[in-house]
Amino acid sequence: MTTVFGVPLPAILGQLMLGLVNGSFYALLSLGLAVIFGLLGVVNFAHGAFYMLGAFAAYMGLEFLGVNYWLALLLAPLTVGLLGIIIERLFLRHLYQIEPVYGLLLTFGIALIAEGIMRSLFGASGKSYPVPPLLQGGFNLGFMVLPIYRAWVILASVTVCFVTWFLIERTHLGARLRAATENAKLVQAFGINVPLLVMCTYGAGVALAALAGVLAAPVVQVSPLMGSSLVIVVFAVVVIGGMGSIVGAIVSGLGLGLIEGLTKVVYPEASNIVVFMIMAVVLIWRPAGLFGKEQ
Amino acid sequence: MRAQIAVYVVLAALALIAPFLGLYPVFLMKVLCFAMFACAFNLLLGFTKMLSFGHAAYFGSSAYITGWLVTVQGWGTIEGIVGGVFAAMLLGLVIGAIAVRRQGIYFAMITLALAQLVFFVCLQADFTGGENGLQGIPRGSIFGLVSLGNDRTMYYFVLAVFVAVYVLIRRIVHSPFGQVLKAIRANEPRSVSLGYKVDRYKLMAFVLSASLSGLAGSLKALVLGFATLSDVSQTNSGEVILMTLLGGSGTFLGPVIGANVVVTLQEYLSDIVGAWVSVIIGAIFVVCVLLFRRGFVGEIQRRFAQRAG
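Chains as they are written, first to last, in this note's numbering: chain A, 1 to 295; chain B, 1 to 309.
Please keep in mind that the hints were generated in silico from the structure rather than gathered at the bench. None of the values given here were measured: they were computed from a predicted structure. Don't take each hint at face value.
What the hints assert, rightly or not - Only pairs whose alpha carbons sit at most 25 angstroms apart, straight line, appear in this in silico SDA-like list of lysine to any residue:
| # | chain 1 | residue 1 | chain 2 | residue 2 |
| --- | --- | --- | --- | --- |
| 1 | B | Lys197 | A | Gln97 |
| 2 | B | Lys182 | B | Arg102 |
| 3 | A | Lys293 | B | Ser191 |
| 4 | B | Lys182 | A | Gln97 |
| 5 | B | Lys182 | B | Ile172 |
As the list claims (entries may be wrong) - Between beta-carbon pairs, the in silico distance windows are:
| # | chain 1 | residue 1 | chain 2 | residue 2 | range |
| --- | --- | --- | --- | --- | --- |
| 6 | A | Glu269 | B | Ala6 | 52 to 58 angstroms |
| 7 | B | Ser193 | A | Arg286 | 22 to 28 angstroms |
| 8 | B | Gly274 | A | Pro133 | 33 to 39 angstroms |
From the three backbone atoms N, C-alpha and C, an ideal C-beta is built for every residue, glycine too.
Whole structure, please, built from the sequences with the hints as guidance.
Structure follows, in structure tokens:
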């Protein structure tokens, strides 16, 4: 059997695959975070909680209403996105005029509330969500077995990331969004409804997090605390990529997932902290992040 | 001014007789430790306007180091505390040096991420006891002279340290160094143009705040006899923010009052409502940020100022 550094090749490829799956979640989450930060100037601490709510929406849909995976993939982001819109209207809206740290604190409070409610209702232990029948099993590639569901997660995330990038960078709607990011007052003066745009952007960013949650439900345990440590890793990913950069969020999300996977093979003890260490190095070397611009 | 002195006299009297009022001394000491933690945190948030989202890292690592030195290495109590504070100071120096390169929201995210790194190190390192934490940390004595095993003696020891820290923080804020911090808080670019090495001042404030947070953590480990992962956790970092915000950041007494409220809530509510405590804490956060950004003491001061003006 082929080995690299004394580790069999299929094991390495398997870990890299897992790393890419995690990277897909990082990319989806940091993308939403970057879009929200770009327009609202709010660092959404509740992003991990919305990811968790997305997974729970899928779980509850299947358990109580018999909603299958494919429908959940559509309905869960819609429901959670709507919840995000309500939160934006009720709370976040009042904070745009003051310092951005208050937005961080408010969304931290919202995350605590969401996690506390789910923990009271479902307990702290994880629930399992079945892999949909169509995506069960794996391809035998000769040198390794490729689980279909994992390949699907990567494919779906990369597609969604690309579509989002295209929407923002290449369409009329995206142009307005980018203009509002640069100068909201001026764009409003041109007759564009900026508050509506802001509301929908927050909803969309939240929906992306929920989508990641549904995609993750069959590969991780669905639990109330599944998002709370993930969101911190995603913060680090965003800092590494450069805050507000769409491409930066996607590339560093996938890349860091891969690096984390590799670390699991080479030195498993460090796999939890490798992203944070990279963040520290990047900050010393390029304080604005890899894709960010110095202000 | 006279009202302020009256408040301090009443509070000092209350603190001195508190163990005789039927209040549980261990609970009082826990409140004092968290009040000290919040005051140390306030030095950064209130007087320099730097929101650190990872202060549990200093509190918790100092708790672990002190616990380990006293339990495993057989150090004396005071030496153990000094060792813990020294570790928190070094950690603050390293993390602070990286974090002060960015401002505002970035600073918050970086301190949070690096504190999570400390959390994982504590989870995996051998000397911390992993998931179980360090148990059975002895209180020992002050240089072999006064035994701290008795709850009341320990209470007055903790109270004395707390008062010293409180006075020290007041002294720091009112010193020329503190004035520069306030200038940075008010207008950072202007402070730079006046020739102050802003990053160095901020780092200094960060290290001071981290060290004093470490002192609070060491004392907490000795008071309760254990140091666990919850001491270094993100939840703990969040709670110290809430204490400071709720009481009034940038005021001296605010964090003390905030710590009293939050610790009391947790102590009594967690038995009654279980996991809903985190919902309540979250709701207080939301209300505080939306409607009550000055905090209790900040609001009272504003009322007084309005009446005077």
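Taking the numbered hints from earlier one at a time, note which ones the structure violates and give those numbers from smallest to largest. 1
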